[in-house]
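Q: From first to last, the protein sequence lines are chains A and B.
To convert, count from 1 in the first sequence and add 1071; that's the working numbering.
To convert, count from 1 in the second sequence and add 8; that's the working numbering.
The hints are simulated quantities; they were obtained by calculation from the structure and are not laboratory data.
One thing to keep in mind: the hints can contain errors.
A few chain A residues facing chain B, derived, Cβ under 10 Å [said to hold, decoys possible]: (1) Thr1112; (2) Trp1167; (3) Gly1168; (4) Ala1169; (5) Ile1374; (6) Gly1494.
Backbone N, C-alpha and C define an ideal beta-carbon position, used for all residues, glycine too.
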Amino acid sequence: MDHHFARTEMLPPQAPPITERGAVKWLRENLFSTPFNIALTLFGVATIYYLISSSLPWWLNSVWNASSLSECRAIVEASAGEGATGACWAMIREWWGAFIFGFYPPDQWWRPILAFGFLFAALAPVLFAGQAGNLTKVLGAVGLFLLLTLYLSAAPATVFILAILLVGGMLALAQLRPGQLLLFTALYPALCFWLLWGGSIWSPIVAMAGFGVLYAVFRFASPFIGLSPAAGAGVLAAVLWWLYLDVPVVGALQSILPFGLQAINSDQFGGFLLAIVIGVTGISFSLPIGILLALGRQSDMLIVKTLSVGFIEFIRGVPLITLLFTASLLLQYFLPPGTNFDIILRVIILVTFFAAAYLAEVIRGGLAALPRGQYEAADALGLDYWRAQRLIILPQALKISIPAIVSTFIGLFKDTTLVAFVGLMDPLKGVTQIVRADINWKGIYWEPYIFVGAIFFLICFGMSRYSMYLEKKLKTDHR
Amino acid sequence: MAMATDVPKNGFRLSMLVYDTRYRSYTIQLVVLVLFAMAVAWLLNNTVQNLEARGKEFNFGFLWQRAGYDIGQQLIPYNNDDNHFRALLVGLANTLVVAFWGCIFATVLGVIIGVLRLSKNWLVGRLMTVYVEIFRNVPLLLWILLTYVILSEITPAPNAFRLTDEMIAAGTAPAAEMMFFDSVAVTNRGTNIPAPLFERGLGSVDLGFMTLNLTFLAIVAVIAGSVYVNRRILASARATQEATGDRPVTWWKSILVLFAPVLLLFVMLGFHLEVPTLKGFNFSGGILVAHPFTAMVIALSLYTAAFIAEIVRAGIQAISRGQSEAAFALGLRPGRTMNLIILPQALRVIIPPLISQYLNLTKNTSLGIAVSYLDLRGTLGGITLNQTGRELECMLLMMLIYLSISLSISALMNMYNNSVQLKAR
Chain A
1072 MDHHFARTEM LPPQAPPITE RGAVKWLREN LFSTPFNIAL TLFGVATIYY LISSSLPWWL
1132 NSVWNASSLS ECRAIVEASA GEGATGACWA MIREWWGAFI FGFYPPDQWW RPILAFGFLF
1192 AALAPVLFAG QAGNLTKVLG AVGLFLLLTL YLSAAPATVF ILAILLVGGM LALAQLRPGQ
1252 LLLFTALYPA LCFWLLWGGS IWSPIVAMAG FGVLYAVFRF ASPFIGLSPA AGAGVLAAVL
1312 WWLYLDVPVV GALQSILPFG LQAINSDQFG GFLLAIVIGV TGISFSLPIG ILLALGRQSD
1372 MLIVKTLSVG FIEFIRGVPL ITLLFTASLL LQYFLPPGTN FDIILRVIIL VTFFAAAYLA
1432 EVIRGGLAAL PRGQYEAADA LGLDYWRAQR LIILPQALKI SIPAIVSTFI GLFKDTTLVA
1492 FVGLMDPLKG VTQIVRADIN WKGIYWEPYI FVGAIFFLIC FGMSRYSMYL EKKLKTDHR
Chain B
9 MAMATDVPKN GFRLSMLVYD TRYRSYTIQL VVLVLFAMAV AWLLNNTVQN LEARGKEFNF
69 GFLWQRAGYD IGQQLIPYNN DDNHFRALLV GLANTLVVAF WGCIFATVLG VIIGVLRLSK
129 NWLVGRLMTV YVEIFRNVPL LLWILLTYVI LSEITPAPNA FRLTDEMIAA GTAPAAEMMF
189 FDSVAVTNRG TNIPAPLFER GLGSVDLGFM TLNLTFLAIV AVIAGSVYVN RRILASARAT
249 QEATGDRPVT WWKSILVLFA PVLLLFVMLG FHLEVPTLKG FNFSGGILVA HPFTAMVIAL
309 SLYTAAFIAE IVRAGIQAIS RGQSEAAFAL GLRPGRTMNL IILPQALRVI IPPLISQYLN
369 LTKNTSLGIA VSYLDLRGTL GGITLNQTGR ELECMLLMML IYLSISLSIS ALMNMYNNSV
429 QLKAR
């Protein structure tokens, strides 16, 4: 009889040796695995130590209440001893209005605030199409933001009530019919224009009516002459409306029902208000133009293709600055004598063209990355060109190019600082230069740049994170 | 049963131009062409009218008038008696030199950061991520302005470098010290760096419109010759390797061929460095690099490096892990795996976006106006434009020049790109 021994129950697992678990293992693997890695770690630690040791006292000694740089320095020396340095954020306290609004009259600050708040309300139906939960969150945040900032900027009571009613109405709509919110998005450009520049309420309404004319003519004519000629006729009618009927109709309405806001001149715009106005308008108009240009470049039609390629290559070959100078110096040569339109508008047009050319290349990349089978399948289904693009090609191509599209937008937003070179007051060069020339704050440099840089960073970083979220959300392939 | 019928042969009707897909594209193209021609005609007509109304005419004769302004940094001889065209050339050279150094520094920095971002070292990886995010999400203009302000406002005056007898007696050091073995001095007036001088230089030849520095030419010729010989050595080594399987040792030959002739030439020409020294109230000797230039190069390369780092990282990550695993399985060490397997493949992914970064950097040099750096934008599009009032001509010329720079950079780099692309049959 043989005796053998077999264990009937498992031994409890032993903890791994101390060097193979917990913080020690992590440190060994991530920081000290090889001599080269150790050197890198030491270098990293030294860098961090240097950065912190040289700037931490400066941050800790920050001063928030002072009326000049010398006073700031005196306060720092009094509290932290001789020779100590400290940040002087009191400058921001005194000048933040100029950084945000430029020379916009302080009693009208509620207008850009309202426009900014509604911007998100208008964007939400596009960004979170049909997601009632997210829509509610965004609208709620907009409501809270408006409540707080309108209160802080001492807005008139009527504005307060109207804003709350509007946001409340949209919140209710988001619960009942989220799709209808897109109507607000369509109306937003006119509302925003009117809020920011003021003047008669009729000019944006009559201008928007041009689109109504376009649609009406299109609907009326399409049964008789077909879709594309009807679209052409609609555009023609709208252009005629804008060219010849716009001004007299506005005048007539204004004389019957005079209602408007105090008009604000473009040279009073400045700071981040200006950057956001140019950036957002440029972004929203450059995307459709960019798509059209990309399609034009991919087109079989020789003339359309040549024109698109020429436009894209020209715009991409010259620096944005030269285009901005074109806006400020040359546009007066190209337009009929006596035409003089707003400098911000001119800059927006050129910035839009600039971004559109870059977007066109990005989207072309997306179009090229689509497998040929997708195009062939669309043809096989018998879809016409526009249906195939709208239903099959573009949704996929745009999804592929989201990261690059958003980087183009980020670049566009950063480039809004260049408008300083055509005399507009951007937050970076325009306002900062005024602050640094102020006799009280002469010699200050870190604080304004850090402040402006931090805001730019927040906005651009936010955009890039949103694009990552979108990419993940739209990811449908299984890898 | 349905039968395929022939296309009805009832002739061409006018409505087919709109409704028949065979002809519609011609209609569309015609409409586009007419619209385009109308727009161009409208613009030209307006321009002619406007020019007439202002009593101006369109010609480039102003380029040959006396410029009458000074340019701080000049790579080709220029004084304010020269004409506007000469000023344009000086500006163009300034644009190109900033772009050149910017591209070099940005590439070096970008590759290092991109590779470090992928390193297994957690701390360094995070540091590099922070760097990339900070530089990518803040406008370039801020970096240019900040660098310039720091250079010109924090740095000490030349006086601070003075070491007087009393200070020696008291044993105190001057307020500021020169860097790199007392050879570089950063003051609020500029950066003084050592100048390379040749005791027995070859002189220069005046070609009328510019002077040719023979010493410089000789050095370039010798370096080119060394590079050529080195390539021949490598080619013969490869031939030997393919014939016999053994690769002859070439590294010492390469080093000798690449460096010895240049060193010899330098010794023959009597090369030495002229170190800047404090004389009177300012530094003399050496080269004074103006702060606008330094600020532009530093800011442009730091900013572009962040983008290049991302490109490099994406390029390396695009190579599938199997490639490096296969290389390790073959017994290649990490260094050779990188050089022979990963990099050649990653380069194909990296190069196209890298080209556009170089283009961006070159175009971004036009921001030099923010720190009064007189590049093409500052001379032709700045002072010349303001002096002569010829907006149309100056802007047109400037755009054309930038356009041709961009197109030639992209053409050159595309040629290179084609040479490294996968040769598919």
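Q: Hints first: check each against the structure and report whether it holds.
A: Do the hints match the structure? See the list:
| no. | hint | result |
| --- | --- | --- |
| 1 | Thr1112 | 6 Å, holds |
| 2 | Trp1167 | 18 Å, violated |
| 3 | Gly1168 | 21 Å, violated |
| 4 | Ala1169 | 17 Å, violated |
| 5 | Ile1374 | 4 Å, holds |
| 6 | Gly1494 | 13 Å, violated |
The earlier numbered hints that this structure contradicts are 2, 3, 4, 6.
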